[in-house]
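Protein chains: 2
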Amino acid sequence: MVDIATRVHNHKWKIDPIVRSLIDTDFYKLLMCQSIFRNHPDTQVTFSLINRTKSVRLAELVDEGELREQLDYARSLRLARGESTWLRGNTFYGKRQMFRSDFMEWFEGFQLPPYHLEKRDGQYELTFEGKWHEVMLWEIPALAILMELRGRAVLDRMGKFELQVLYARAMTRVWEKIEALRELPDLKIADFGTRRRHSFLWQDWCVQAMLEGLGDSAKGGAFTGTSNCLIAMRRDIEAVGTNAHELPMVYAALSETDETLRRAPYKVLADWHEEHEGNLRIILPDTYGTKGFLELAPDWLAGWTGIRIDSGDPASGAEDAIAWWRARGEDPRDKLVIFSDGLTVDKIRELHAQFSGRVKVSFGWGTLLTNDFRKLVPDDGLAPFSLVCKAISANGRPTVKLSDNPEKAMGPEAEIARYKRVFGVGDQQAFDVVV
Amino acid sequence: MVDIATRVHNHKWKIDPIVRSLIDTDFYKLLMCQSIFRNHPDTQVTFSLINRTKSVRLAELVDEGELREQLDYARSLRLARGESTWLRGNTFYGKRQMFRSDFMEWFEGFQLPPYHLEKRDGQYELTFEGKWHEVMLWEIPALAILMELRGRAVLDRMGKFELQVLYARAMTRVWEKIEALRELPDLKIADFGTRRRHSFLWQDWCVQAMLEGLGDSAKGGAFTGTSNCLIAMRRDIEAVGTNAHELPMVYAALSETDETLRRAPYKVLADWHEEHEGNLRIILPDTYGTKGFLELAPDWLAGWTGIRIDSGDPASGAEDAIAWWRARGEDPRDKLVIFSDGLTVDKIRELHAQFSGRVKVSFGWGTLLTNDFRKLVPDDGLAPFSLVCKAISANGRPTVKLSDNPEKAMGPEAEIARYKRVFGVGDQQAFDVVV
Chain X
7 MVDIATRVHN HKWKIDPIVR SLIDTDFYKL LMCQSIFRNH PDTQVTFSLI
57 NRTKSVRLAE LVDEGELREQ LDYARSLRLA RGESTWLRGN TFYGKRQMFR
107 SDFMEWFEGF QLPPYHLEKR DGQYELTFEG KWHEVMLWEI PALAILMELR
157 GRAVLDRMGK FELQVLYARA MTRVWEKIEA LRELPDLKIA DFGTRRRHSF
207 LWQDWCVQAM LEGLGDSAKG GAFTGTSNCL IAMRRDIEAV GTNAHELPMV
257 YAALSETDET LRRAPYKVLA DWHEEHEGNL RIILPDTYGT KGFLELAPDW
307 LAGWTGIRID SGDPASGAED AIAWWRARGE DPRDKLVIFS DGLTVDKIRE
357 LHAQFSGRVK VSFGWGTLLT NDFRKLVPDD GLAPFSLVCK AISANGRPTV
407 KLSDNPEKAM GPEAEIARYK RVFGVGDQQA FDVVV
Chain Z
7 MVDIATRVHN HKWKIDPIVR SLIDTDFYKL LMCQSIFRNH PDTQVTFSLI
57 NRTKSVRLAE LVDEGELREQ LDYARSLRLA RGESTWLRGN TFYGKRQMFR
107 SDFMEWFEGF QLPPYHLEKR DGQYELTFEG KWHEVMLWEI PALAILMELR
157 GRAVLDRMGK FELQVLYARA MTRVWEKIEA LRELPDLKIA DFGTRRRHSF
207 LWQDWCVQAM LEGLGDSAKG GAFTGTSNCL IAMRRDIEAV GTNAHELPMV
257 YAALSETDET LRRAPYKVLA DWHEEHEGNL RIILPDTYGT KGFLELAPDW
307 LAGWTGIRID SGDPASGAED AIAWWRARGE DPRDKLVIFS DGLTVDKIRE
357 LHAQFSGRVK VSFGWGTLLT NDFRKLVPDD GLAPFSLVCK AISANGRPTV
407 KLSDNPEKAM GPEAEIARYK RVFGVGDQQA FDVVV
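Chains as they are written, first to last, in our numbering: chain X, 7 to 441; chain Z, 7 to 441.
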């Protein structure tokens, strides 16, 4: 067991890498990467860091030299032999050889492409331009590096024992959450907290605590795994995750006409349908509004295993999905609903109570599992904040996201208006974006 | 920084010694040992373990084999060269060569004498018979071993993360106490918690936390040191403590007549007066009742530096001392009052408020600093309890202690009655003995 406080105290090492492996990333990035590698190998995409919490002035908190050092270190990483063996030989979602040979050969030679970094208005402009399947692998390391450097800047001012007590408090908090979750019968929950984690060691601790406290779902417990491949490999648990908004966003940006734009989200899932089955067939419906997406969805999509609710009011999202399955002649009790947005223990308890028995319920717990240091330091300097790294253009065309929460919308205004018209999105209810 | 939870988790090592040095003991034991070595080298004394908390059935909780193993290990210890150098070369209470050469030569050859162990009524009868200055050195190791073995028995049933969270909670608790104490202006407080500590590593952690949180009093902080010599040596802080009840108890037991009995407590201090000065001249008045002790005290005793209040109501004890100093023409503001019984943060705050400015106030914080795991495990299995190791006879005559709390009295009934008569102790108010 690592003494995290000691390690943090020793952060004045020449470099204590934040990202220490190319598979210290979310499993779904690799799945999507493989899909893009096959279907869109020549698409040029720009990813960009976006700090939605403007009050956190990252460029004032985080030293540019340290940031470059960490980004450069990440660029030096190559897939290790054991990691490659694990990706090639492991069973994911019950399937062997999830990653095809051509993809693995490419990945074994891969290094993260160059980045572009500038300071502007107290924030960092950090962008990655290049082939989609290459730049997209920057998303998680870039986020993890910035989140952790911001944390380190705050921790640097603390004494050895203050640090140890900080971690003692944070551990106690995580454990109390786990104790509360233990009370929920037939709970299924996974760690989705890589991108905005406090640190790698901390995420690893949280995963192990979940494993001990809730039990491995492979052995009848409630903990279904982690989205983090490195931790999944090291702790010998399931790596989980399916797909994300970047697929419909880029597919949509590449559409020439309103009609192809309207069909883009379904084209994404049609491609996915060819490649994956079972629990990997999870709909992510909210990129351009869940309601319209479900109404216009082709019938074959109702046959998919489940849905992931990632914005808006989660209960209404799930009720909409249930109504939609019923309307399409599907039994919701056979369907999986994965909640993954803004989860707290109370929210999990509430959704679990509302939906258990009506659908198969599962949770992907992110930032408030792996980065809940709220109110533990003066000025709440470790509170999580809403940092994302998104595809902002594809082949020179801007991307747009609407989501079920206007606070999470992104893209040029005129394009947002066009997308709203094309996807029939009217007024939306706003929800605070904490993380 | 040691990861305590990991160490505890690994306690299945062949032997993880509880007492790992002959100076892992209270400083005052060594001071008293030297005094006895000089003044009473031939006195035969029996020390005995006494568990005042009968509900904690030690012989059912602690395996006899493990107990013998730890006691035997303690018997194998010899003073290490660095320890001897430290005792010989260090400055204690501003004085060089506190320990004389003849004593040091004897101590360098010393090993703990044999013990006698039996089970009776769910408790261990553990006694040490021999020369006073030899058997008296068993007191602290015997207590520490039994306290820690009881803790280990409870911890053995816990998982790795449960353990880590247990320590996280306990650390948070200690730190919150320190944060509260930080608010008290001109506080002076030392660690007196060796004998009933949770464990050596934990005491060491608590001392370091006090040092970081309150600051070293040598540099203007509130933390004045630790009674534990090994920790004082390793952490380079003051070793503190003066004398204890065993001196008047044995001197009293050796008295042939009521008259010599009555004078015994003053004889102790007269011997001490010859050997020590300054801050080592601290009266411990309660062995046979503080009130009578002060009334009958010789005038020279009022010239001593201070008093230690170790039983009864501490505020009345201190008020009695103040009145006594005034009556003897001393200015209480020049006097030191050390509170060392049953201290909690609230009690410290209260006594500090009542006596600051009127006398020099200081605190010797014991069990609730180094062993506050109350309510942190099921059935409160780690709650501290009242275990002592006392001289029960000297040259075949029973010892008696009355104290300012009848709950702490000990000795044969007839002898207690005699002592009460000789020392003029009437009805006493009883106080719960937590530790």
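Calculated from the structure, these hints are not laboratory results. Don't take every hint at face value.
Note that the list lumps identical chains together, so a pair holds whenever it fits in one copy or between two copies.
[Claimed, not checked] Okay, derived cross-link-like pairs now, SDA-like style, lysine to any residue, Cα gap no bigger than 20 Å in a straight line:
hint : residue 1 : residue 2
1    : 60        : 94
2    : 166       : 182
3    : 273       : 83
4    : 381       : 178
5    : 381       : 182
6    : 60        : 127
7    : 125       : 342
8    : 381       : 109
9    : 353       : 380
10   : 166       : 220
11   : 353       : 112
12   : 194       : 56
13   : 166       : 221
14   : 166       : 178
15   : 381       : 298
16   : 137       : 82
17   : 125       : 43
18   : 166       : 218
19   : 166       : 223
20   : 166       : 225
21   : 101       : 268
22   : 166       : 240
23   : 166       : 188
24   : 166       : 207
Now the hints, each set against the structure:
no., hint, result
1, 60 x 94, "neither (41 Å within a copy, 62 Å between copies)"
2, 166 x 182, "between (24 Å within a copy, 15 Å between copies)"
3, 273 x 83, "neither (34 Å within a copy, 77 Å between copies)"
4, 381 x 178, "both (14 Å within a copy, 14 Å between copies)"
5, 381 x 182, "both (16 Å within a copy, 15 Å between copies)"
6, 60 x 127, "within (10 Å within a copy, 69 Å between copies)"
7, 125 x 342, "neither (43 Å within a copy, 60 Å between copies)"
8, 381 x 109, "neither (44 Å within a copy, 55 Å between copies)"
9, 353 x 380, "within (17 Å within a copy, 31 Å between copies)"
10, 166 x 220, "between (31 Å within a copy, 13 Å between copies)"
11, 353 x 112, "neither (41 Å within a copy, 68 Å between copies)"
12, 194 x 56, "neither (31 Å within a copy, 51 Å between copies)"
13, 166 x 221, "between (33 Å within a copy, 13 Å between copies)"
14, 166 x 178, "both (18 Å within a copy, 14 Å between copies)"
15, 381 x 298, "neither (40 Å within a copy, 54 Å between copies)"
16, 137 x 82, "within (18 Å within a copy, 70 Å between copies)"
17, 125 x 43, "neither (32 Å within a copy, 74 Å between copies)"
18, 166 x 218, "between (28 Å within a copy, 8 Å between copies)"
19, 166 x 223, "between (37 Å within a copy, 19 Å between copies)"
20, 166 x 225, "between (39 Å within a copy, 18 Å between copies)"
21, 101 x 268, "neither (32 Å within a copy, 88 Å between copies)"
22, 166 x 240, "between (28 Å within a copy, 17 Å between copies)"
23, 166 x 188, "between (33 Å within a copy, 17 Å between copies)"
24, 166 x 207, "both (17 Å within a copy, 16 Å between copies)"
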